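Participant: Turn these sequences into a full structure, and let the hints guide you.
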Amino acid sequence: MKITHASTTLVALPHDEPLADGPTTPGSKNFVALKLGTDQGIEGLGFTFFGGALDKALLAAVEAFAGLTIGEDPRHIEAIVAKLRNASVSAGPGGILTLALSAIDIALWDIKGKIHNQPVANLAGGHRARVDTYASGALMRHFPLAHVEKAAALLKTRGFKQMKTQLALPGDTNPVKEIERIRVVRDAIGYETDLMCDINQRWDVRQAISIGKQVDPFRLFWLEDVTASDDYAGL
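In our numbering, the protein residues as written are 236 to 470.
A few of these clues could be false.
[Unchecked claim] Straight line, CA to CA, 25 Å or less: simulated SDA-like cross-link-like pairs of lysine to any residue:
1. Lys318 to Met236
2. Lys396 to Glu459
3. Lys412 to Gln397
4. Lys318 to Glu307
5. Lys264 to Gln436
6. Lys349 to Ala314
7. Lys347 to Arg376
8. Lys385 to Arg454
9. Lys396 to Asn409
10. Lys347 to Phe284
11. Lys412 to Arg376
12. Lys264 to Met236
It should be emphasised that the hints constitute simulated quantities derived from the structure, not laboratory data. Nothing here was measured: the structure is a model prediction, and the numbers come from that model.
Facilitator: Written out as structure tokens, the structure is:
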């Protein structure tokens, strides 16, 4: 079996959850969709997304990677992934290349599942009837505090046992506002619900230590991506 053709496209999928867009009209999110075809008529579908201003760059990266799979046996997933990593090694690991590679990986596993007439979950070791999830899309940093407070309380009524919000609010970092946001969310959901917080690498080390200590009483489950991963001097 060989991969004979590939196609990619950028699609905008509407949000089906009003909370996802905050206090606005529900919008959409762009995804890069990929289809890998084989000489035996089996096709694999993959997708990836960036969520920022580089959607077209991600599309181009997926197209480039997809072209390198032509002629390969789709069943040899690890070998194909290694080939693509080697082709982009000068750009370093991570970033948009990893996002693009994920679309290829998903499409290859989709082909493998269709070959064996099995869900990919079974190929990966089995499935579960229930999966724990946490809510986060309605609690993002650019939403007004009043919306976040209301959304957190509503999500609790929907049965979520874990939620994740964001700090490093827009504008200059104000510790008072950062701590107030955590307090408001915690008050809205109580302490029986796990609360996580993502900084997206936007604090410096001084802010991380100072604000981190001040939010300690609110018993955060974790603080995520607190400082820039390449801030070697600060670390």
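Participant: So, for every hint listed, does it hold in this structure?
Facilitator: Status of each hint after checking the structure:
For the hint linking Lys318 to Met236, the alpha-carbon distance of about 18 Å falls within 25 Å, and the restraint holds. The hinted pair formed by Lys396 and Glu459 meets the criterion: a straight-line CA distance of about 18 Å does not exceed 25 Å. Note on Lys412 and Gln397: the hinted pairing holds, with a Cα-Cα distance of about 22 Å set against a maximum of 25 Å. Proximity of Lys318 to Glu307 is assessed by CA-CA distance (about 10 Å); at most 25 Å being required, the pair is judged to hold.
For the suggested pair Lys264 and Gln436, the alpha carbons sit about 23 Å apart, so the restraint of at most 25 Å is met. Taking the CA atoms of Lys349 and Ala314, the gap is about 19 Å. The hint holds against a cut of 25 Å. With a CA separation close to 40 Å, the supplied pair Lys347 and Arg376 exceeds the 25 Å bound. Between Lys385 and Arg454 the alpha-carbon distance is near 20 Å, which keeps this suggested pair within the 25 Å criterion.
Taking the CA atoms of Lys396 and Asn409, the gap is about 29 Å. The hint is violated against a cut of 25 Å. Between Lys347 and Phe284 the CA atoms are separated by roughly 22 Å; this keeps the pair inside 25 Å, and the hint holds. The straight-line distance between the Cα atoms of Lys412 and Arg376 is roughly 11 Å, inside the 25 Å bound, and the hint therefore holds. For the given pair, Lys264 sits about 34 Å from Met236 by alpha-carbon distance, which is inconsistent with the 25 Å threshold.
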